[in-house]
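Position chain C relative to chain Z; hints supplied.
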Amino acid sequence: MKIVVGHLYPDYLNIYADRGNIAVLSRRAAWRGHELEVRSVSVGDPLQPNEHDLLYIGGGQDREQALVAQDLASKAEGILEAVGEGSAVLAVCGGYQLLGRSYRDFHGLDLPGIGLLPFDTIAGDKRMIGDVLLECELEPGVRRTLAGFENHVGRTRLDPGAHPLGRVVAGFGNDGESGFEGCRVGRVVGTYLHGPLLPRNPWFADWLLVQALAHRLGEAPELIPLPDELETEAHAVSARRAESRGGRH
Amino acid sequence: MPLPLAAEIAVARAAGKLSRLARAGGGTTVPGKLLWKLDPGSIDRLAARLPEGSAVISATNGKTTSAAMAARILRDRFRLAHNSSGANLVSGVASTLLDARGAELGLFEVDEGALPEIVARVRPKAVCLGNLFRDQLDRYGELEHVAARWREAVRGLPTGTSLVVNGDDPQLGALARVHSAALVFGVDDPGLARASLQHAADSKYCVRCGTPYDYAAAYMGHLGDYRCPACGDSRPPLDVAARKIELDGLESVAFTLATPAGERVVRLGLPGLYNVYNALAAASLALSLGASLEEIVAGLESFSAAFGRFERIPIGDRSLLMLLIKNPAGANEAVRTIVDGGAPPVVVIGLNDAIADGRDVSWIWDVDFEPLLAGLDRLVATGDRAAELALRFKYAGLDPDRIAVLPSLQAGLDRGLELTPAGGELVVLPTYTAMLALRKIVGERGFVRPYWERAA
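Top to bottom, those sequences are chains Z and C. For what it's worth, this note's numbering labels the leading residue of the first sequence as 1, then goes sequentially. For what it's worth, this note's numbering labels the leading residue of the second sequence as 1, then goes sequentially.
Looking at chain Z on its own, in the form it has when it is part of the complex (with noise of 0.2 angstroms):
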């Protein structure tokens, strides 16, 4: 089976290794005898809605942010209709800030987000950042947990009612209080994780997967498992980091 993805802005929102996820979904979807496509959308490019799977968007300096967060605004539309037409989304810490309501910089000033996911983000005075720990349940029951790195000055405020991606075991998490990282409305997923996220994370790469091929497919299918024993080592160092070292200044 195809997967489409759409890797928006991927000349001006790379600055955390976002390729490394987007190698990651590639070669776990060929495992299973599945081909990736990936094309990019990027500046003045249209965005059909029902052209992608998978949506992902990852995160810049302050600068490309800039210049990419009028262009979204044009394709705010887009997304919010392909969204509603059931396909997922990953992004990643500038790319996430984006898909809220708004974002207020250092200097007061306000970049418009698409608000498709409801919170806001107000720049602090102190850069979060370091190892995090998750613990994630994203089916009922079956708890599972995310090992990444933050780096953020954004604070961002769930509305009420909410669901963060998941609950922070160490590290800073959306504002350093909450104890909420992330925001996610059904297939779509905004998170400050990087590291990059995904190698360390294999089941969360592949629950991706699943939500990209439940869009093609109607519904969603079962993956073959794979041999994870590096990601899993990986997993418990990153986890390992967070628990000793991580959510402090």
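Just so you know, these hints were derived from the structure itself, not from any lab. A portion of the hints provided could be inaccurate.
The calculated BS3-like cross-link candidates involving lysine-lysine, where the alpha carbons are at most 30 angstroms apart (straight line), are [stated by the list, open to error]:
1. Z:K126 / C:K204
2. C:K125 / C:K33
3. Z:K126 / C:K33
4. Z:K126 / C:K37
5. C:K440 / C:K33
6. C:K37 / C:K125
7. C:K244 / C:K204
Just so we're clear, the structure is a prediction, and the values are computed from it rather than from any experiment.
Showing chain C alone in chain Z's frame:
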């Protein structure tokens, strides 16, 4: 009331001796840290005592090597106070000043983040800025943030201070317009340019208007001959240029050094285009400090690598070739240099994540390791984050059976040596603390001297 300077100096020097005696390390920053704590203003006063003043060099990549090259050129002309062991924060500069009895000129390699404070304290007569790459975002923050602090530091320079900048870097080229007395260096050899920007290229958008630059030639990361199609911002004219560059694998590189004082062919005993950039920085700085073209060529040609940056270490009947890697731009050049010398069958890569390495290891995913894959029979992934590194290669397409994951650097080194035939050379790419640890392991076996005992 602060202690008299002489008393502070005596206390701080004694602390350094104790640290070295206790084998706690080189003792290279202990006295400076103490002095900085006791009275930070004393650093200003110590620097002001140098009769010929000071020069500082900063860059994301190559600052240790370019400063060492500049020292080689200048050492016959001046008695130098040079922080050659790489202690490049304010405390390291303070320690060097403390140790520099009788020195005439201060020559300081300076950490990117520490540049503004060191420039304000030392008041150098020349400032050399080599490049700004994305590096350890967890430590320095975003590139733009470092660039903004540098711009501010340059704006504050007295007009009499010489500014030496790499014009091939858009962020630094722009500084040449801010300061009246700038000397601009760069590479002028379109034959050597890459077809496209590398993946990790950082500053590819116009510093003035944000439009992507057109590159007539892209040499290394975002370094090259750029021009903005919208507003016309472009690389400033080069005062010092490298032309006709001839790369000779892992052995050497030759180029024509064109300066306002004339042209000479220079043959470096180090490989790679990145060392041409280092040599250009050193040569331009030396020119601005009054060195002759003859001194520059002689200094550059007699230079051998700064420690751990590019080192061949004989180890029994084999040898190690160690190239430090610390960020995407630098690691890309290390990979390119190695592959130019013939892709090796065995490579040891040591990835640590201490503060000095960067706690965030995501940068390895931005390095173009792929050219190594073609000839690679075995990868030894070692260091604290060995498993993460193994994943980088697994998802690049290397069969996991060809990857050995050995977090212990000792075990990783030994596995690499085992896989190297007698008479062969083992390529080792360590991050900073992995490099220090590997040198220590090899040193304990009697093959290298501790770095603080090495002559500059």
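Next on the checklist: Are any of the numbered hints broken by this structure? If so, which, sorted upward?
Outcome noted: none
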